[in-house]
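So the chains spell out like this:
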Amino acid sequence: MSRLPITKTPKPYVGGSFIRSESGRTFPLADATGAFFANIPQCTRKDLRNAIEAAAKAGPGWAKRTAYNRGQILYRLAEMLEARRDEMIGTLVRFGSTKSAAAKEVDATTDRLIYYAGWADKYEQVLGNTNPVASPHFNFTVTEPMGVVGVIAPDAPALLGLVSLIAPIIVSGNTVIALAAEKNPYPSIILGEMLATSDLPGSVVNLLTGFRRELIPTFATHTHLRAISAVAGPADRQALRLGAAESVKRVHFTDLEGAAWFKTEAESVYAIRDFLEFKTTWHPIGA
Amino acid sequence: MPSLISERRKSIPVRRGRATPELIFGDLWEFDPAPETADPKLQPRYDLFINGAFVPPRAGRYFDSINPANEQKLADIALADAADVDAAYRAAQRAFTTTWGKMPGRERAKYLYRIARLLQDRAREFAVAETLDGGKPIKESRDFDVPMTAAHFFYHAGWADKLDYVAPGRRVAPLGVVGQVIPWNFPLLMLAWKIAPALAMGNCVVLKPAETTSITCLKFATILQDAGLPPGVVNFVTGAGETGAAVMAHPLAAKVAFTGSTEVGKAILRSLAGTEKKMTLELGGKAANIVFDDAPLDQAVEGIVNGIFFNQGHVCCAGSRLLVHEPVADRVLAKLKHRMRVLRVGDPLDKNTDIGAINSKSQLEKIKKLVASGVKEGAEIFQPSCRLPAKGYYFRPTVFSGVTMSHRIAREEIFGPVLSVLTFRTVDEAVERANNTAYGLSAGVWTDKGSRILKMSTELKAGVVWANTYNKFDPTSPFGGYKESGFGREGGRQGLLDYAKLV
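Here the protein sequences come in this chain order: E and V.
Just so you know, we're using this note's numbering here: the first sequence kicks off at 1 and counts up by one.
Just so you know, we're using this note's numbering here: the second sequence kicks off at 1001 and counts up by one.
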């Protein structure tokens, strides 16, 4: 008689700890064979608000880390993913990937983290500049993170899509509340465990599981979210833009599908730029 | 926080006995009139500028343009409806596909250079027209608005054939036709901020000026004609909110750009929620101008005056909240009041005028209403006792002291010559108060301490920070806001990219 394995209770990584939804609600998740796998927390608007509060508190400290330090932390996250590569591949396979497709997605995700880790102390040199104004002033334009950013991740690729949206946002010092793939949330649970051991300060990335229809209205309207990065269909796009109007929130949609997520065109310094503000400072030059 | 009270403050001798006599210029010292007399070359009637020609509006309707300095009618302005806007867009789209969109950048650049030069040729004429149309002092339209407008075209001209350097690592392409709606506070300059980068990138334009300041826009169309700009590349449609809504909503607009109030900006965002139009918005502000006790106070007072009274305070980035460090608050306020007594309010065409006419009757009423709320909520009002012209829309420069963060005059954009003074004790308190607003367009910092300037500049949530200066602008310098002051930048490399798509 074989040993009965211990199943893991899935808990989203929010506010630097592993939570159940404040509501106590869950929904059953089946694996690719249709068999029951686990109960996933069905996070609520209140969970989202709590996560935003935690992310807002963590924001200034994260933004004040040196660019070098943020780069090393993203690199460390890639190390965690590489070290637990087999576990993540197994997770993706359990929810429908072939072994080779899963390996490809995990490796692409790791490489994407390395790509953005390297940008941490370089994007400023590419995106900012001094300005030769026609008066005796020193004038320079630098970037700053926006603050707390909401992410609505695609259903597929569940891991690569989620990380491709999060990495360019946090590398500059923003913090994130991400709603994981509704249809395939489990990779986000494993990712949360990697974040927790990656030197990333708690609350910089918060990963919620739950339903888009319940949470998108609050993502759209919460005034402390300064921007949204989403993969969404027409109805969700309209809802996000309408709600965002009230606080002039920045909204960016990503249109990638399938194989396009894996290409190098899917990663860019301009994805970092989308979640930066430009600040221009003037000072007189004189004795 | 280490001692914020500087040694200098302690060492200043306190004057006792009779106060120093003051020279009050105001009404005691009459200035001879010094009117600018250049001919603005106005026409009695202005039509729409569509496809390179002036065309009457299809419905045949016109509205009055009023000189706010004397309430006299200047001209009839065409009222564009949705059909006129549609004709403008179709002309722009045609120009984009047949000429402008295909033209090498090197050639596009030459048109923009020509436009800059032709405006310089007619600078005085345009300055007078700008002042007549909008009420701003001639010294500002002559020395700031018009030369800066030309500078914007000259700067962006040179980008047109260097677009490979705008977005390192990627290639850029024009968006197509862009719809633009601009405000009445800097009619020509806002037009340049919108048109110059759009054209440099290879886009075509449908632009609507504000209904109270359409004349210089339509005069500018003659410069486009003289420059030989291909028909349809730039189209001007005039009218009020309805015309603006048609410009924003048109399906051919690949992008819309708006400068105006946050309220209208939000309405535009909502109306475009279901579309994929690219947007940039430059909205309202309630900037903090922060004076520390170690600041050079006389320079700071000049900066405060320039920050709030420039262009009658009709400036989205106006330093309308003065945050003064407590130890110097009384001195700064006294110096400020003294300085305000010598500001000359009156005929915008007079070369000695510092504060001209309020742009419109409705704006004057809005200012009066907010000032009344300040008095009612208990702030202490000061206005110099200058004489105002009998006709026209004028408002005395106004400063409120004893203002708290909850007062309407500390929270709402007044868009007039009205300053609210608040105080603070520590650097952290200054930052907290400055950032305690939904806006985030600009801020000012006055201090002699370099490290404090850099700290403040980092902590202030604003797109432009002026340190030991205020209200400075340049085509090379990106301008735009954080938070509810909008998004996107205008000017510089960053502003140019907002008119491109990455390919």
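Be careful, since some hints might not be right.
[To be verified] Derived list of chain E stretches under chain V, where covered just means 3 residues or more per stretch with a C-beta under 8 Å from a C-beta of chain V:
| hint | stretch |
| --- | --- |
| 1 | 109-116 |
| 2 | 133-142 |
| 3 | 271-280 |
No wet-lab data here; the hints were simulated from the structure.
Glycine is no exception: its CB is placed at the ideal position from the N, C-alpha and C atoms.
Proximity test - 8 Å, beta-carbon atoms, the stretch 133-142 of chain E to chain V, at least three hits: It holds: at least three residues are needed, and the stretch 133-142 of chain E offers 6 whose Cβ sits within less than 8 Å of chain V.
Okay, the stretch 109-116 of chain E and chain V, do three or more residues pass the C-beta test at under 8 Å? violated (count 0)
Three residues minimum, CB to CB under 8 Å: does the stretch 271-280 of chain E make the cut for coverage by chain V? Let me know. Since 4 is at least three, the answer is holds.
In summary, the one numbered hint that this structure violates is 1.
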